[in-house]
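A.B. asks: Chains as they are written, first to last, in our numbering: chain R, 1 to 420; chain X, 1 to 420.
Hints are computed from structural coordinates only; laboratory data are not their basis.
Among these hints, one or two may not hold up.
No distinction is drawn between identical chains; accordingly, a pair holds when it is met within one copy or between any pair of copies.
[To be verified] Capping the alpha-carbon separation at 25 Å, the derived lysine to any residue pairs in SDA-like fashion look like this: (1) K88 / L50; (2) K279 / P41; (3) K279 / S360; (4) K381 / A334.
Number of protein chains: 2
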Amino acid sequence: MAEPAPTLAAGPAGPADAAGPVSTAGSVGTVETQYLDLPGPVRLDCGQDLYPVRVAYETYGALSPRRDNVILVCHALSGDAHAAGFAKAPPESGTRDGFAAEDRDGVTGKALGWWDGMIGPGKAFDTDRFFVVSTNLLGGCRGTTGPSSTDPATGRPYGPDFPVITVADMVRTERAFLDVLGIERLASVAGGSLGGMQAFEWAILFPDQVDAVVAIASTHALHPQGVAWNSIARDAIMRDPAWQGGRYYDTGRAPDGGMGVARMVGHITYLSALALHDKFGRRLQFADDIRYTITEPEFAVESYLRHQADSFVRRFDANTYLRMSRALTYFDLARQYGGGSLVRALDGVRARTLLIAFSSDWLYPPSASREVADALRALGKPVESHVIEAPYGHDCFLLEEARQTPIIRQFLSKHSLGSE
Amino acid sequence: MAEPAPTLAAGPAGPADAAGPVSTAGSVGTVETQYLDLPGPVRLDCGQDLYPVRVAYETYGALSPRRDNVILVCHALSGDAHAAGFAKAPPESGTRDGFAAEDRDGVTGKALGWWDGMIGPGKAFDTDRFFVVSTNLLGGCRGTTGPSSTDPATGRPYGPDFPVITVADMVRTERAFLDVLGIERLASVAGGSLGGMQAFEWAILFPDQVDAVVAIASTHALHPQGVAWNSIARDAIMRDPAWQGGRYYDTGRAPDGGMGVARMVGHITYLSALALHDKFGRRLQFADDIRYTITEPEFAVESYLRHQADSFVRRFDANTYLRMSRALTYFDLARQYGGGSLVRALDGVRARTLLIAFSSDWLYPPSASREVADALRALGKPVESHVIEAPYGHDCFLLEEARQTPIIRQFLSKHSLGSE
Chain R
1 MAEPAPTLAA GPAGPADAAG PVSTAGSVGT VETQYLDLPG PVRLDCGQDL YPVRVAYETY
61 GALSPRRDNV ILVCHALSGD AHAAGFAKAP PESGTRDGFA AEDRDGVTGK ALGWWDGMIG
121 PGKAFDTDRF FVVSTNLLGG CRGTTGPSST DPATGRPYGP DFPVITVADM VRTERAFLDV
181 LGIERLASVA GGSLGGMQAF EWAILFPDQV DAVVAIASTH ALHPQGVAWN SIARDAIMRD
241 PAWQGGRYYD TGRAPDGGMG VARMVGHITY LSALALHDKF GRRLQFADDI RYTITEPEFA
301 VESYLRHQAD SFVRRFDANT YLRMSRALTY FDLARQYGGG SLVRALDGVR ARTLLIAFSS
361 DWLYPPSASR EVADALRALG KPVESHVIEA PYGHDCFLLE EARQTPIIRQ FLSKHSLGSE
Chain X
1 MAEPAPTLAA GPAGPADAAG PVSTAGSVGT VETQYLDLPG PVRLDCGQDL YPVRVAYETY
61 GALSPRRDNV ILVCHALSGD AHAAGFAKAP PESGTRDGFA AEDRDGVTGK ALGWWDGMIG
121 PGKAFDTDRF FVVSTNLLGG CRGTTGPSST DPATGRPYGP DFPVITVADM VRTERAFLDV
181 LGIERLASVA GGSLGGMQAF EWAILFPDQV DAVVAIASTH ALHPQGVAWN SIARDAIMRD
241 PAWQGGRYYD TGRAPDGGMG VARMVGHITY LSALALHDKF GRRLQFADDI RYTITEPEFA
301 VESYLRHQAD SFVRRFDANT YLRMSRALTY FDLARQYGGG SLVRALDGVR ARTLLIAFSS
361 DWLYPPSASR EVADALRALG KPVESHVIEA PYGHDCFLLE EARQTPIIRQ FLSKHSLGSE
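Construct all of the structure, not just a fragment, from the sequences and the given hints.
C.D. replies: This is the structure we're talking about:
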């Protein structure tokens, strides 16, 4: 496939100098995922060089003449490059469906971006002012090179031969991608969960190229219970005989059973107990009384979980899941950069940092954000830390747009366009 | 097999009138699981009559001449009749191993009962005073009739044809078993988790035959997140192709993969995040640095979980797991007996009730105990409720013996032997 020329503006966007609050937040419109092949290999933490690497990406808003208004938005475990607007078409992916039914707009049937509530004219990441770039992560299954991509050495999908990657590898890939676009500095790197980990990693790996970090519902190192949940999810996939050691692509079978279990485990950790209580309670799904069945769902929450599992396996690749989960488990700034000390790890950071956590998030709890804030403050670095009281757990970072927006807009308003 | 004659005393035990505190708590010694075939069918909630039913049981201490010192101890999801002392031999079971290695005594290699710290001379359930009876639950895989037992209609294991049972079915089986032993009244019914559910159910089904309920780390109805975890665990088993719709007994294959995942999910819900932090942290298992592996464990907690899974599948039957999990999910006193009202459901209870919860138990949280206590108090019934501050989650009911013991001993001391 021919490499498409990089496009530096996509979708309808206002002028780059339209700063300040906008009364009515709008949509970035219809957006098409684009693809870019990196000119050289990506050097990975494991020691391998990976080549070729294609990156799927979308952009929203317009690049300023001085190229100083770029925000890189990083997705979490199961996201993709389609962060905002309506998708013109599903990405070229190694999965069966482009988008899950629940991601589609009820009227148009088109898929809305995973952070559409946060990216657009007048929104938290304001495309009237900033040029927002979103890529699918290295190792992904939504257009960026990953385990379902063709291994040039064999002409077949990598499968288990795709290297084990780290968050730093993802960030180095993003850096190489932005080089091709001619973007040297980032006004901000922003993301939630695994996306926030990338933001931290950017600030450490490329301290002179990041002005501001926005890390939401994230952490400097997943706590041991989170490590355990991820381990269980991966084991569920790898214990499925249809996984076949990762070489399932050409077999007509895929580890849907195990992937479904992995997704169900993940899903419950993304929600709070209160959210489940409010949404489902102990409501029975099909009848006024129990039906004495083990194979069929009885409670509404059981039926919901199965739906989540079935929908996920159609749009996501198991080998990508394994690598994303491993990368976010490995991520540990103190171990990687501080010899065990988080303060030492953050010593070189030059970006301003905004941290947002949610009170009911037990997977990436407020205490993790606090530890980062404390370390940055101990170093005398500028950091702003918020805990939003919200009942719905880790998923708040995708849901609580109204309360995040003013915090993020105000934080980003301190960025002086064109003044450097 | 010939039915063994019921034995009403087993193991070394002091005189039945030795009430009061004992300075040195002792062991009930070596105990052999016994078996009893019920004379008639058990009528189940689902409408079926189950026959034959064999019950595996152990007893500790001596029955008083007036038969008024009996405590029935009920086990939780993965327990068995071997509640105290050293096992003389593993039970006749439908599983590969009798006991898990970690249940064995380090010196003798013999298996200690699951509540050995609580049952014995001078212990919480004092065998110098009480005659303690423990049975394997209906549907079990440790000697009591369950899915791995022979279906008389086919001459082969029941498998999926074994009925879906409820906590009330377990209790009716226990009632029928005690009838054969000539025991009409219970000084107490006691248990943790699913065992506590049985204690509540006893007090409602047989209000005139239970003097006291001891329900530890239990609930009147599992909360929706608990319903979800159980649903995921069952799905993990049923999605394993080796489950074969439940007909795996004669195939040389068993759903070990799915069972392992179920156990790992359960295990994490039994512990608190703090317990995992204290026990494992983010400690690497095999090396000073990460090894870039997805299939092998990297963190100590990952290795621990796999060990738990491997050990569990050898000693527990998947179809039993499915039924125990379903029964504890169904359990809902307000739905079953109160038309939605817990107060109405408990209206007929005549037993004194002792409730113990643990501050860090997020699966059976203190709030659930409080709801039971509030309902009983609203009805003017005698209830004593304790929340023990302890950091290790639901498993506290098996671990925090020292702090439960005085509470339980004091509560049971109010039982006046021979005074009725």
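A.B. asks: None of the hints should be skipped; say for each whether it holds.
C.D. replies: Here is what the structure says about each hint:
{"no.": "1", "hint": "K88 / L50", "result": "neither (30 Å within a copy, 60 Å between copies)"}
{"no.": "2", "hint": "K279 / P41", "result": "neither (47 Å within a copy, 41 Å between copies)"}
{"no.": "3", "hint": "K279 / S360", "result": "both (15 Å within a copy, 24 Å between copies)"}
{"no.": "4", "hint": "K381 / A334", "result": "within (17 Å within a copy, 55 Å between copies)"}
Comparing the model with each numbered hint stated earlier shows that hints 1 and 2 do not hold.
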